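Residues per chain are reported as follows:
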Amino acid sequence: MISETVVDLSRLQFAMTALYHFLFVPLTLGLAFLLAIMESVYVMTGKQVYKDMTQFWGKLFGINFALGVTTGLTMEFQFGTNWAYYSHYVGDIFGAPLAIEGLMAFFLESTFIGLFFFGWDRLSKVQHLAVTWLVAIGSNMSALWILIANGWMQNPVGAEFNFETMRMELTSFSALLFNPVAQVKFVHTVAAGYVTGSIFVLAISSWYLLKRRDLGFARRSFAVASAFGLASILSVIVLGDESGYEIGDVQKTKLAAIEAEWETEAAPAAFTLFGLPNQAEQRTDYAVRIPYAMGIIATRSLDQQVTGIKDLVAQHELRIRNGMLAYGLLSQLRAGDKSAANIAAFNAVKQDLGYGLLLKKYSETVVDASEAQIKQAALDTIPDVASLFWTFRIMVLSGFLMLGLFVCAFWASARKNEESKPWLLKWALWCLPLPWFAAQTGWYVAEHGRQPWSIGEVLPTHLSTSSVSEGDVWGSLIALAAFYSVLLVIEMYLMIKFARLGPSSLHTGRYHFERAPAAAPGAQPTLA
Amino acid sequence: MFDYESLKLIWWVLVGVLLIGFALTDGFDLGAAALLPFVGRSDNERRVVINTIAPHWDGNQVWLITAGGALFAAWPLVYAAAFSGFYWALLLVLFALFVRPVGFDYRSKLENTRWRKSWDWGLFVGGVVPSLVFGVAFGNLLLGVPFQFDDSLRSSYQGGLWQLLNPFGLLAGVVSLSMLGLHGGTWLMMRTEGVIAQRARQAARLLALVFLASFIGAGLWLWLGNINGLVISSSFDPAAALNPLGKTVVQNNPGWLANYGHYPLSKIAPLLGILGAALAFAGASARQGGIAFLGSSLAIVGVLCTAGFALFPFVMPSSLDPASSLTVWDAVSSKLTLGIMLVAAAIFVPLILCYTLWCYVKMWGKVTTAHIQDNQHGLY
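As given, the protein sequences belong to chains A and B, one line each in that order. One point on numbering: in the working numbering, the residue at position 313 of the first sequence is 313, and numbering is uninterrupted. Just add 1000 to wherever you are in the second sequence, counting from 1, and you've got the working numbering.
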């Protein structure tokens, strides 16, 4: 039997390193495009201030990018070190997008990032602009391939189990590529990255405006960020992940869990705004409900039902019983009885093999699991409702707060009166952590909501780990936590130092801290 | 387009190409970082060293990341068994590699001497440890790795980090460390001038000799020592989807030298390793950085091919249960996956080579201390 401690620690380590990696990724995704936009304006208008903007925000981009690269390495190593059985079982499908990501996207981004920083004097204006765009496109393509891989974990299409090689094998690359879950996730995630980049620039520019320094620089940064941010937050919310929740069983279960929808209601279902989900008794206490809202949001219709948790558990129980048959037949095939009848019988039930594997937690042989174990395995198919319910709401609330901010900021920027609205500038500054709250809670919803599966309906998480010892995983977990804490402190120190310094850190002689103290704050006639 | 058997062979070549690409490009980043404290004495000199690789190290590192991704996609069992088996060795490499991105970018952001010296140490470790551990891992492949599969193909590994550090493994580590150190030295000869290039030249000459001694020594050890390689003793259809446990394997290949007898042309690989290093030594002695760099590059190609040819068709031999050993025939992905990835590689590898070359051309030239002093804030 697999040690539950190894499974739990490996999950904790993966969650920690993935969430930590995603502190840096969204800022890279968004800031890269903002840099490309700023530099495009520079090349088109020839105004020096836009070059300064590209270089200064590029400096902060670099500080963030370094840790994105560092923590990304962990992600690639970790599937092999800690999730070896997963790597074997689905590497045929899951590995391909990762390899193609490297070839198509990561090389592009990483090769040109060096020229972005060091090529200013060696490239023509247009060449450098092209380099900046290639960095932005590369980083976003890299997100595309990663999310195709992740989308397949949520909704594993285009693959089939092969009993000879004991693994899942690819049957359709186009199904993998055009997996609807992956497509929705990609749009949602990169747009969330653009929001992160925009809030970052908006908040820091607002701080300069509040301090009344480098006004020309800050005003232009504010304008670019508010326009790009408004478009992005609208994409996040409107084209958001919501529509992905009706595709596939895992997504349906996730939807029922984040909405604490215990019963299947008559369509259109009511939306539970707030409440206290009680998983043991399968009900939500003190629920505040809005009639019809959830049916409309989740199914985009008035007549489709949202399946409730109790019905899902009942469905899953049937599939577990079917999965026991599949596992029994697989054992016979593995033992050498490869008669045509046996293969046909296995093929008829193998779509439920994964459900049978859920019983591995309780019974090594699966086929002799008791009734109580089957019932428990069926209940296991529902992830923790309360935490999903709340993290989802934090994400959505953060999104709407940011939407409000971008609407006001864009309006003020268009009317050129943001400097006279200190409340707006303060609001922008206080919103700085929001995209990170939203991204972290969003990933919690996506990945915890997938439990108990590492590959939805195919491979349970507790079978996916490596055969390593508890001590090994404790050791790596502690070492990673220690490394990451030190790196985060260093990164934050540099980020805050350079953000405070502002464009003066470019040493052009044109900005606040480099000019004579007598110079009036805000006066930058040469840059107009 | 290709049958399954050809695809399996092509992916053996392509994984090799990616590993060689990594060693050729990121190899000089690792080597230059390992030489950092020796060739750069003052802060300015160290910044010269760092700025020769500053625009390129990130792109170069992607060869490693892509090789890892290709391993995952083309040889999932190797990726699973090797990464979980070499658990602590891999984590050690990972932690050492952590220091590089942050070290390069953060080091010169503050003027503080202690800050910069700490990062210099970090970069040094980030250069030495991966160079050493990669070699140790390869040495242990030749010895056989203590892993096995159960009948659901779950791998388990018996042993720990310390068992990897056996005499032959360490010798292989010296081969790889001196090889990449040499490559870093010849790179710095090309890209720097004056006292830094002079020190890099001395380092390159010394490391070329260390490399030659250790590489030839490892070869003699294989030839005369009692390391016994494997051969597949059962018949199998290389064009079929195979389960690794379906074969039988015997230890009947003294020193892994059988392939060199069967395919005499493969002897070019070890010769290239030796002649390349000799050329690097001669180039360094004659103060010809370009020739020395060509020599160290050829040596790298030679060494990696030497190991690959010796092991073929094995890629990860098991010492615990020889039948669990992974080969190019049975560790691979499905035909469809290999085919799709081949198309992706055929399109993108040439493109990558073109734009990488363009970047090097654009950033070419000697990095000088004067240039560093003129660009206190723009450079690393």
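For the record, the hints were derived by calculation from the structure and aren't laboratory data. Since we're looking at a predicted model, the values are computed, not measured. C-beta: ideal position from N, C-alpha, C; glycine also. One or more of the hints may lead you astray.
[Claimed, not checked] Listed next, the in silico DSS-like pairs over lysine-lysine satisfying Cα-Cα at most 30 Å (straight line):
| hint | chain 1 | residue 1 | chain 2 | residue 2 |
| --- | --- | --- | --- | --- |
| 1 | A | K497 | B | K1109 |
| 2 | A | K338 | B | K1247 |
| 3 | A | K125 | B | K1247 |
| 4 | B | K1117 | A | K375 |
| 5 | A | K125 | A | K51 |
| 6 | A | K421 | A | K211 |
| 7 | A | K51 | A | K416 |
[What the hints assert, rightly or not] Distance ranges between label pairs, derived from CB positions:
| hint | chain 1 | residue 1 | chain 2 | residue 2 | range |
| --- | --- | --- | --- | --- | --- |
| 8 | B | Q1158 | A | Q332 | 27 to 37 Å |
| 9 | B | A1239 | A | Q332 | 38 to 48 Å |
| 10 | A | S331 | B | Q1158 | 35 to 45 Å |
| 11 | B | L1353 | A | E265 | 21 to 31 Å |
| 12 | B | F1038 | A | R334 | 40 to 50 Å |
| 13 | B | K1366 | A | W474 | 26 to 36 Å |
| 14 | B | I1347 | A | F437 | 37 to 47 Å |
| 15 | B | L1224 | A | W474 | 40 to 50 Å |
| 16 | B | K1366 | A | R415 | 33 to 43 Å |
| 17 | A | A314 | B | Q1158 | 36 to 46 Å |
[Claimed, not checked] With the Cβ distance kept under 10 Å, some of the chain B side facing chain A (calculated, not the full set):
| hint | residue |
| --- | --- |
| 18 | S1042 |
| 19 | E1045 |
| 20 | V1062 |
| 21 | Y1106 |
| 22 | Y1157 |
| 23 | G1308 |
| 24 | F1309 |
| 25 | M1341 |
Quick rundown of the hints versus the structure:
no. : hint                          : in the structure
1   : A:K497 to B:K1109             : holds (10 Å)
2   : A:K338 to B:K1247             : holds (18 Å)
3   : A:K125 to B:K1247             : violated (61 Å)
4   : B:K1117 to A:K375             : violated (61 Å)
5   : A:K125 to A:K51               : holds (10 Å)
6   : A:K421 to A:K211              : holds (13 Å)
7   : A:K51 to A:K416               : holds (22 Å)
8   : B:Q1158 to A:Q332: 27 to 37 Å : holds (31 Å)
9   : B:A1239 to A:Q332: 38 to 48 Å : violated (27 Å)
10  : A:S331 to B:Q1158: 35 to 45 Å : violated (27 Å)
11  : B:L1353 to A:E265: 21 to 31 Å : violated (59 Å)
12  : B:F1038 to A:R334: 40 to 50 Å : violated (57 Å)
13  : B:K1366 to A:W474: 26 to 36 Å : violated (49 Å)
14  : B:I1347 to A:F437: 37 to 47 Å : holds (40 Å)
15  : B:L1224 to A:W474: 40 to 50 Å : holds (43 Å)
16  : B:K1366 to A:R415: 33 to 43 Å : violated (53 Å)
17  : A:A314 to B:Q1158: 36 to 46 Å : holds (44 Å)
18  : S1042                         : violated (22 Å)
19  : E1045                         : violated (19 Å)
20  : V1062                         : holds (5 Å)
21  : Y1106                         : holds (6 Å)
22  : Y1157                         : holds (7 Å)
23  : G1308                         : violated (19 Å)
24  : F1309                         : violated (24 Å)
25  : M1341                         : holds (6 Å)
The structure shown violates the earlier hints numbered 3, 4, 9, 10, 11, 12, 13, 16, 18, 19, 23, 24.
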